[in-house]
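Participant: Next come the chains, spelled out residue by residue.
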Amino acid sequence: MSVARVTAYYVLLCLCSVVILFPVVYALLISWMDGAAILSGRLWPENWTLANYEAAFQQAPLGRYLWNSLVVASVITLGRLIVSSLAAFAFVFLRFPGRDRWFYVCIATMLVPWEATMIPNFLTIQVLGWTNHYAGLIVPFWAMAFGIFLLRQQFRQIPHELYEAARLSGIGNFRFFCRVVLPLSKPSLATLTVYSFLDAWNMYLWPLLVTNDDRVRTIQIGLKQLQTQEIASSWGVVMAAAVVAMLPTLLLLFAGQKQLRKGLMQGAIQ
Amino acid sequence: MNERVSPVFPPSPWPGRATQAARRTAVKSWVEGMMYLSPSLLLFGVFLFYPLGRTLYLSMFYTDYQGKPTEFAGVAHFAELFQDGAFWHSVKTTFTFVALTVPTTVAISFGLALLVHEKRKGIGVFRTIFASTMGMSVGVASVIWMLMYNPAVGVINRLLSTAGLAPVSWLLDPDTALYAVAAATVWMNIGFTFLLVLAGLQNIDPSLYESARIAGMGYWRQLRMVTVPLLSPTLFFVATISLIQALQTFGQIDFLTKGGPVDATNVFVYAIYREAFVNYQFGFASAQSIVLFFIIALVTFLQFRFVERKVHYQ
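If you read the protein sequences in the order shown, they are chains A and B. Here numbering that gives the first Met the number 0 is used: position 240 in the first sequence is 239, and no number is missing along the way. Here numbering that gives the first Met the number 0 is used: position 71 in the second sequence is 70, and no number is missing along the way.
Possibly wrong hints are sitting among the right ones.
[Stated by the list, open to error] To give a feel for the contact side, a few chain B residues facing chain A, derived at Cβ under 7 Å:
1) Trp29
2) Phe43
3) Met133
4) Val137
5) Val139
6) Val142
7) Leu146
8) Leu200
9) Phe235
10) Ala275
11) Phe292
12) Ala296
No lab work stands behind these hints: they were computed from the structure. Using N, Cα and C, we set each Cβ at its ideal position, and we do this for glycine too.
Isolated chain B (complex conformation):
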């Protein structure tokens, strides 16, 4: 997506010393082009660029409960933020959550995709099953896992007690809550990442495996020498998507724990939500949003650069 934009065309012919007619054509083509772009640009402007600027603006003001700026705060919100134990706690929680979910999701979906990558009898059924959690919306997945984690009637504690183990209050215990939410999240996300990894596997030229087999490589050596190197852009892409998604986690937290117990699952976006729409501290919440923006912009930017390099090497 970073290559030059118009390789299909000959170099564009806007004349340096434009005649009147040529200039008129240019204006006409500009008007027409902008007509096609205007829906996107208008919507991006109103619902993305304007609010981003406004968030930055609000982050430098104290606001009333309606979100109107009342008094200039400068960098006070940011200063307060960086000295705030709760902020660092939510940063730490978010990154712990990322560490718990992203590698697991990528590893599991890679494993599943490897299993069903080759065409075998009945493989379509298994592919469909493995992809099925993509059809689980956040609400559906959350209520199901909530019941599974229920200390009294949930299936997980039933199994524990059958095995003679003590029951665990998964979502109510600060030590286990984040792990419990992470497990539910991994399950929810596997379907989508699995599909992406499978697509990546199927883009690998089959003749390479043929050559590897002729060269006498066993399955594991093929995996290491052919599959993993060629799949690495896909895996990297999937990891980035999962990372960005994990940084934006909100729904399952709101369903399962509401950020609790004692802030054990108060991830970044949940903290912003609470600050803005429960405490009405729009200025302070905006400052947090700006920090989130910088983190995600950095991750996305690095991914662009990485892909660009890959494209050059190919």
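Extracted from the complex, chain A is given alone in its bound form:
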């Protein structure tokens, strides 16, 4: 390519980046401004201040919200890894009557939008006494058809001879699963971890239904609370909270972006 074309290409890339990054940079800039500057509609802070961050942590239990989200998203992810990998193992390595039928049952769950089940689920959670409990936020999301497929794809790459050899030397299924299958499947497990964590962190409607107590509310609901309370007075505080809330997922995404890109299509398309 000629120099002019290369320059044009990079200019185009930069333009796209500016458009995509704009909302984030805007939030950052606003979070560093004092109230007067925001009301005057400036884009660039005159007096840089961290007061909004202090206020965000003081006026709302922001730390608590973040902690709740971290616990909920982590435990959902861990549960999904365990539950999905057990099922995927059975579908790939074990032979038993009815196995393929159960596999189609798992496929069928993909047809059901979660919202079509939320009313009875809400009532179930009430009966179980899980409203305002982590359990109510976590347990319903442990089973995941996508996770089963993704891991099944990966497990099938493992040579079946390995399994036969393990059997012959008297290694049980569960030991084979823990010692051989899981270590060999790290890439897919990592993909599922990143995807699942982002997905769980992003949940909004379900936490809205089953929590009304700050002690278990997640950050999404926390932002909503903050926004409803603060809207007239201080956008700076809301933006500071938003910046804090985006940090964990952004960091995870930067670390896991490549893994995610390589791994997702495996479960999806193949």
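Given chain A's structure and the hints, the job is docking chain B onto it.
Facilitator: Quick look at chain B alone, frame taken from chain A:
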């Protein structure tokens, strides 16, 4: 995902005329297999199949405010639903929203992925930037866009007034609210779809481009003759995911407009939510949920069939 389940194994050896020992092995293997499956099946049963059946059941009853069925309604809810102007309005709003977001999301992420598909200096930075909105949760994205749309202090109206244009009350005007929410949604979803399309592009065998170049094809012809046909399963998959996601939109609506102004953004799931958890009409809301289930099941099913065909052709 639709191919036969166990190509790795020789055909299964359950004996037709089972001896006692063989039967015992079969039972043992069944018990063991089910132990591995039971967590998934149990959870699906309790939190997916049971509630789906229960939703269907509730949709045929009048309920009290605790969701207990009180009186059999038959298909009354559905009859009422299909004659209800508000229902059709929310259907129309949802599909307008789909039409606004899905093609835009797919087109933009396809364009971005094409830009950074080839390995060049510093390309990793741009890939990361383009994927970054995937790290924006619904709450974060919504509050930021809410401020941007703010009529008094938001940046969009500031830019408009700098350009000498009249201010617009983006989220408060029934004519613009849905577009405004759609724009925020597209931005939010680009990161994920971009990653998927990029992955699809990188699955295309580079030697095909080599041959195309040797055959003297220019960039645009390569795009049309090589990239688009080979990427079509990915694009179709991404479009379906975006479609299903758009049909289930809730969070950004609750943040930005609460279904308003005058129901201009009252999409399907928001309508269900309001009916069930604000008005406590669980029966009626269940009927709406069943309709949503059929729409999404149909879309997903069609996608399965499409992928199946693709697999056969390969």
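Participant: Does each hint fit the structure? Answer for all of them.
Facilitator: Structure-based check of all given hints:
A distance limit of 7 Å between C-beta atoms decides the matter here; for tryptophan 29 of chain B the minimum to chain A is near 4 Å, and the interface restraint holds. Restraint check, phenylalanine 43 of chain B versus chain A: the minimum CB separation of about 5 Å is within 7 Å; hint holds. A cut of 7 Å between beta carbons decides the hint on methionine 133 of chain B: the least distance to chain A is about 6 Å, and the hint holds. With 7 Å as the threshold, the beta carbon of valine 137 of chain B comes within range of chain A, its nearest partner Cβ sitting at about 5 Å, so the hint holds.
This hint holds: valine 139 of chain B has a C-beta 5 Å from the nearest C-beta of chain A, less than the 7 Å allowed. At about 5 Å, the closest approach between the beta carbon of valine 142 of chain B and any beta carbon in chain A falls short of 7 Å, and the interface hint on this residue holds. Checking leucine 146 of chain B against chain A by beta carbon gives a least distance of about 5 Å; that is within 7 Å, so the hint holds. With a least beta-carbon distance of about 10 Å to chain A, the hint placing leucine 200 of chain B at the interface is violated under the 7 Å criterion.
Because the closest C-beta pair between phenylalanine 235 of chain B and chain A is about 10 Å apart, greater than 7 Å, the hint is violated. At a threshold of 7 Å, the smallest CB-CB gap from alanine 275 of chain B to chain A is about 5 Å, leaving the interface hint in force. Using the Cβ-Cβ criterion of 7 Å, the hint placing phenylalanine 292 of chain B at the interface with chain A is satisfied: the shortest such distance is roughly 4 Å. Satisfaction of the interface hint for alanine 296 of chain B is found here, the shortest Cβ-Cβ separation to chain A being roughly 4 Å, below the 7 Å cut-off.
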